[in-house]
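Given chain L, work out where chain U should sit, using these hints.
Residues per chain are reported as follows:
Protein chains: 2
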Amino acid sequence: MAHDLYGRGLTEEVIGSFAGTPDARLKEILESLTRHLHDFITEIHPSIEEWELGIDFLTRTGQTSTAVRQEFILLSDVLGVSMLVETLNGSETPEATASTVLGPFHLVESPVRRSGDEISPQSAGEACVVEIRVRSVDGSVVGGATVDVWQADADGFYDVQVPESQSVGNGRGLFETDREGRLWFTTIVPAHYPIPTDGPVGELLGATHRHPYRPAHIHVLVSAPGFETLTTHVFVAGSSYIDSDAVFAVKRDLIEEFAVVDDPALAEAFGVRSPFRHAVFDVVVEPAEGVAHA
Amino acid sequence: MAHDLYGRGLTEEVIGSFAGTPDARLKEILESLTRHLHDFITEIHPSIEEWELGIDFLTRTGQTSTAVRQEFILLSDVLGVSMLVETLNGSETPEATASTVLGPFHLVESPVRRSGDEISPQSAGEACVVEIRVRSVDGSVVGGATVDVWQADADGFYDVQVPESQSVGNGRGLFETDREGRLWFTTIVPAHYPIPTDGPVGELLGATHRHPYRPAHIHVLVSAPGFETLTTHVFVAGSSYIDSDAVFAVKRDLIEEFAVVDDPALAEAFGVRSPFRHAVFDVVVEPAEGVAHA
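Protein chains in written order, with full-length UniProt numbering: chain L, 1 to 294; chain U, 1 to 294.
Read the hints as simulated data drawn from the structure, not as lab findings.
Careful, some of the hints might be misleading.
In this list, chains with the same sequence are indistinguishable; a pair is considered to hold if it fits within one copy or across any two.
[To be verified] Think about it this way: if two alpha-carbon atoms lie no more than 20 Å apart in a straight line, the pair counts; the simulated EDC-like pairs of lysine to aspartate or glutamate are: (1) Lys27 to Glu43; (2) Lys27 to Asp39; (3) Lys27 to Glu12; (4) Lys27 to Glu52; (5) Lys27 to Asp56; (6) Lys27 to Glu49; (7) Lys27 to Glu203; (8) Lys27 to Glu50.
Excised from the complex, chain L in its bound form (with noise of 0.2 Å):
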């Protein structure tokens, strides 16, 4: 392949360096990193040296990350790649629940869990009853879907973060819909909380007068044969934070209130003290792609 090097212009030459990718895909997402990558560097016209603080911060970005921790997941957190590369790749389908990011805390099995369980025994804070009931789009219920909850607690702490004193598995749950496609669990109201500030990406935050907090919320992915997987949150209505999420990862529809109820025999009946919190979350899940539902 003889280059033209002095007819064409250097994104053009890049651009052509590629065309002898055989994976298609990879030299369509190649072609595209390079006109956008230059189009960015044209219009900033960086020096010398901003180039070389942005290399700085990449290599520190990628050193910084380790086997428990993804400091370059948390950079396309807060540039909201994250959220738009979820939204991307999340249902078209009006009626469905919307899907957000999964987070860096779903990396331990949560364990199985039954109807009426409390999810956070090891954790202090205020009472709190979630129902969580799963449709398909069409209306019907989905029994038998696995929903798997994970949730931080009321000092914003997940039980990985904390293991001098909460086991694993605090604060999580895995679970199965009952033929009405319900399930209920008890726990506290999780706190908001900040996402980690001692490396590069706190460093961004400093020095662009971001807040680190997520507001509170509790993690729900939901599973069932014959449907999309859902991966989303139930955010806490009233939470700190819930107008800027530093990872932007709040939509409207995943806003539940979880009211305060002063009703001694229904915390009877729920297990819990009165007076409680109580959150219902309607999750829609649409019929994977090629799946004909009745």
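Coordinates of chain U only, in the frame set by chain L:
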């Protein structure tokens, strides 16, 4: 700052998050980055698995970098970004010699040498005489200019890569131009060589069927009081890969003939064997901004 989560798109929300950045230049860069990055992601519509592969590639690129190896600069190089940044920062004066990338081997101080010295005494290869002549864009000669040169040997290795057979400084020289703006030195003709391929950038080149080679060249860095510093190469005309440099650093006016000269008398004058190769590189520098030249 109250974000409107629902009325605006995600990209605008991310850009809005940088509104409080005190440094106007950082704010400008991050806004442009967000827009171009989101445009790229939206265009390629990556699957979650493709996004994970990208995160892993960037993470390993950072982790491959050490005190003596910079894999992110190498990635910048093979995507043409380093050359684009260099070109954007280069002279806008068409008469001035074009700049090109500094490269990763300007890590040690070149030994001070005098015109006529041999710069590669520990290297075998084709004897070569290089003359460099420095003048200003107005045609006047530039005496007293500092000219730093460094080059690979006939196997494609720089001194620092083969410490078992070369002292640091072999293939390097720090010269000063005489009153006519000239200097000359003897050396051997450098060879083309591959960039490192044992890291993530090597994987990228392999997957895209790109070769890793740079055509033969000598680095030249010229500085003189009152003139813009010029970082450039002189490329050996006819070198392998002259039309497909892995880092896109070749510009036409930087390619020079290294002519074969079979002239025993001239060889003796230069202190080399006949036949030898002979190159003349005219360097044109421009006055520094704000400096008046008569």
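Structure-based check of each hint:
no.: 1; hint: Lys27 to Glu43; verdict: between (24 Å within a copy, 14 Å between copies)
no.: 2; hint: Lys27 to Asp39; verdict: both (18 Å within a copy, 17 Å between copies)
no.: 3; hint: Lys27 to Glu12; verdict: within (14 Å within a copy, 29 Å between copies)
no.: 4; hint: Lys27 to Glu52; verdict: between (28 Å within a copy, 18 Å between copies)
no.: 5; hint: Lys27 to Asp56; verdict: between (27 Å within a copy, 18 Å between copies)
no.: 6; hint: Lys27 to Glu49; verdict: between (31 Å within a copy, 17 Å between copies)
no.: 7; hint: Lys27 to Glu203; verdict: between (34 Å within a copy, 14 Å between copies)
no.: 8; hint: Lys27 to Glu50; verdict: between (29 Å within a copy, 13 Å between copies)
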